[in-house]
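> Sequences are here, hints too, so could you generate the full structure?
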Amino acid sequence: MYHVPVMLKECIDGLQIQQNGIYVDVTFGGGGHSREILQHLGDKGKLFAFDVDEDAKRNVPDDKRFTLIQSNYRHIKRFLRLYGVTQVNGILADFGISSHQIDEPSRGFATRFDAPLDMRMDRSEGISARDVVNTYSAEQLQHILGYYGEVINAKTLAHRIVEARAQQPIETTGELVEVCRSVAKGIEVKYFAQVFQAIRIEVNDELNAIREFLQQSMEILAPGGRLVVMSYHSLEDRLTKNFMKAGVFEGEPKKDLYGNYEHHLKVITRKPIEATAEELKINTRARSAKLRIAEKI
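Taking our numbering, I'd label the letters of the sequence shown as residues 70 to 366.
Warning: the hint list may mix true and false statements.
Beta-carbon label-pair distances, calculated as ranges [unchecked claim]:
1. ASN329 with GLN156: 40 to 46 Å
2. ASP325 with GLN108: 39 to 45 Å
3. ALA207 with HIS333: 29 to 35 Å
4. ALA207 with GLU343: 50 to 56 Å
5. ARG250 with GLN108: 43 to 49 Å
6. LEU326 with GLU194: 44 to 50 Å
Computed cross-link-like contacts, SDA-like style, restricted to lysine to any residue with a CA-CA straight-line distance of at most 25 Å [claimed, not checked]:
7. LYS324 with ASN311
8. LYS323 with GLU364
9. LYS259 with GLU364
10. LYS254 with HIS228
11. LYS314 with LYS350
12. LYS126 with ASP191
13. LYS133 with ASN89
14. LYS350 with ALA262
15. LYS350 with SER303
In case anyone wonders, no lab produced these hints; they're calculated from the structure.
For each residue, glycine too, the CB sits at the ideal point set by N, CA and C.
This is the structure:
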């Protein structure tokens, strides 16, 4: 089963949907957000959705206003141009991983199954988690574990992984969990989740994809168009916050002669919107979600 869409009403309200507008859902997944957007569109409205995961095709609605593009959202500008679209009225992004991907043992995203180490969103290309775990140097492993997963003893774990794979390759999620267990700190389940998150972000180059997507979103949003972004990780949220505020990801933004940011987005949410207590009771995935909204000036 795919996950229940997080903060559905807040996302739809944030988009301020125009009946005959053009919208993009860059993280289609189970299609929950897309189906709701279609409910608000008129006959001339259009919705394009992106998803690299082959499984997402099972959820495509039978609707002539809808088009699924089987690609990563980092290519949003190029693929929309193939459909003759250069400007859109709203873009929705729901970063992270779907419950379906976590619950499908063969994907290798979850710590609770013993499955091949994969973790690729797009299983047709790229490096797998097995490649990362068995070929990266101790220094490379330490960096991704510490930066992407905030693993507190990243150096110790990185060296432990290198020692373990010298005996025999680490092939499955269960084998990786056992290696982690020997040096785990704090609550084991949380520790394992941080390790798997770090490797998943590396495998799918997630942060660079987000940077590329956000930069392109500025170019294709029509004036008055809305950018609605939901993050589940502090690194994703920081990139989104900084970009919406000043058009940069790190460092000092450019300012004009009057000291104003040379940027064309107006931040609608000074603080991120978080899920209500009622939603958290029925959807635990919403616990870490942060929703930010900006509008093209």
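> When the hints from earlier in the document are held up against this structure, which numbers fail?
1, 3, 4, 9, 11
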